[in-house]
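Trainee: Turn these sequences into a full structure, and let the hints steer you where they fit.
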Amino acid sequence: MEHIRLGNTSITTPRNAFGVLPIQRVSFDQARSLLRRAVEGGMTFFDTARSYSDSEEKMGYALEDLRERIFIATKTQATTGDSLRADLETSLRNLRTDYVDLYQLHNVEQVFRPGDGTGVYEALLEAKEQGRIRHIGITAHKIALAEEAVESGLYETLQFPFNYLSGPRELALVERCAQVGMGFIAMKGLAGGLLGGRSRAIMAHMLQFPNVVPIWGIQRPEELEEWLGYMAEPPELTPELQEQIDADRAQLQGDFCRSCGYCMPCPQGIQINQAARMGLLLRRMPSDGWLTECWQQEMERITGCTDCRACVGKCPYELDIPNLLRANLDDYRKVLSGERSVS
Numbered sequence: 001m002e003h004i005r006l007g008n009t010s011i012t013t014p015r016n017a018f019g020v021l022p023i024q025r026v027s028f029d030q031a032r033s034l035l036r037r038a039v040e041g042g043m044t045f046f047d048t049a050r051s052y053s054d055s056e057e058k059m060g061y062a063l064e065d066l067r068e069r070i071f072i073a074t075k076t077q078a079t080t081g082d083s084l085r086a087d088l089e090t091s092l093r094n095l096r097t098d099y100v101d102l103y104q105l106h107n108v109e110q111v112f113r114p115g116d117g118t119g120v121y122e123a124l125l126e127a128k129e130q131g132r133i134r135h136i137g138i139t140a141h142k143i144a145l146a147e148e149a150v151e152s153g154l155y156e157t158l159q160f161p162f163n164y165l166s167g168p169r170e171l172a173l174v175e176r177c178a179q180v181g182m183g184f185i186a187m188k189g190l191a192g193g194l195l196g197g198r199s200r201a202i203m204a205h206m207l208q209f210p211n212v213v214p215i216w217g218i219q220r221p222e223e224l225e226e227w228l229g230y231m232a233e234p235p236e237l238t239p240e241l242q243e244q245i246d247a248d249r250a251q252l253q254g255d256f257c258r259s260c261g262y263c264m265p266c267p268q269g270i271q272i273n274q275a276a277r278m279g280l281l282l283r284r285m286p287s288d289g290w291l292t293e294c295w296q297q298e299m300e301r302i303t304g305c306t307d308c309r310a311c312v313g314k315c316p317y318e319l320d321i322p323n324l325l326r327a328n329l330d331d332y333r334k335v336l337s338g339e340r341s342v343s
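Note that the numbering used here gives residue 96 to position 96 of the sequence shown, counting from 1, and the numbers run on in steps of one.
Everything labelled a hint here was simulated from the structure, so no lab data went into it. From a predicted model like this one, the values you see are computed outputs, not experimental measurements. The beta-carbon is built from N, C-alpha and C at its ideal position, and this holds for glycine as well. Any given hint could be a false lead.
As the list claims (entries may be wrong) - Label pairs and their in silico Cβ distance ranges:
# : residue 1 : residue 2 : range
1 : Glu126    : Ser10     : 42 to 50 angstroms
2 : Ser83     : Ala172    : 32 to 40 angstroms
3 : Asp307    : Arg176    : 33 to 41 angstroms
4 : Leu66     : Arg93     : 13 to 21 angstroms
Mentor: Have a look at this one:
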């Protein structure tokens, strides 16, 4: 597996990194086993966030004695200088370290700049001067904000959703990062799980972009071993894999829910991040788990949608969520009645 330098930072890592969000769902000892196995298998870049409940604490518990072998990236949703300082203090304590290799502003709603009145960027520079953070990054889900961040010249890395369903504008974003020496960290490589079972095609596609470091959300040992398997033998983009990619693009590109969850909670209790993509889940995953009485009740909550459109305002992809929900409910009912097959 090729090692690359992340933009112009001092971080050099395999193009196969660990997204630590899912370990909040497992025990401390399970997380420790996963994370240490990842290091043993050659992973060196680990990405977490202050908002991922106990993910940072589990990283500190698991990797404290391996600190010099790894790069730690974490994030803050702070919107003031003081709240950023407080978040950083908490992160350092949780991670059991005195510095973070990459500190990122998390899912921003604005590109923070010096002198903008928030004090956020000034606090970042202060922490960097103190040696508490080594590099400054930014993450976004809205492409206009990502583009603005790249052109600002203020950030050393960008984390943004990227996979083989990404369109021309996302591809141009990756290329622009390469041109300006900005590291590109690819999240949502599996498109919110819709590309499950496609790891070989996904990795082969990612490796076509020499400046991209993908992070994989890993929760189970078998998932980790699948990604570690590509360390020694990175997959090539064969005609067979390209055919698979083309078929997925034909089915999935466009307006589909990525299950990021930023639209939640719904005032009517609708589980938007699953309900808005139920038709795709039924087609692409074992359907029995989605046709239970419990999920039938959850899907029927869609009838209570009041079109308040609060979800639309929060959706990074600007989806028309109420109509997407109704279309998925209609599809779901057809499957239940036998009018449509899930095959």
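Trainee: Now look at each hint and say whether the structure bears it out.
Mentor: Here is how each hint holds up against the structure:
no.: 1; hint: Glu126 / Ser10: 42 to 50 angstroms; in the structure: violated (20 angstroms)
no.: 2; hint: Ser83 / Ala172: 32 to 40 angstroms; in the structure: holds (33 angstroms)
no.: 3; hint: Asp307 / Arg176: 33 to 41 angstroms; in the structure: holds (37 angstroms)
no.: 4; hint: Leu66 / Arg93: 13 to 21 angstroms; in the structure: holds (18 angstroms)
Hint 1 from the list above is the single one not met by this structure.
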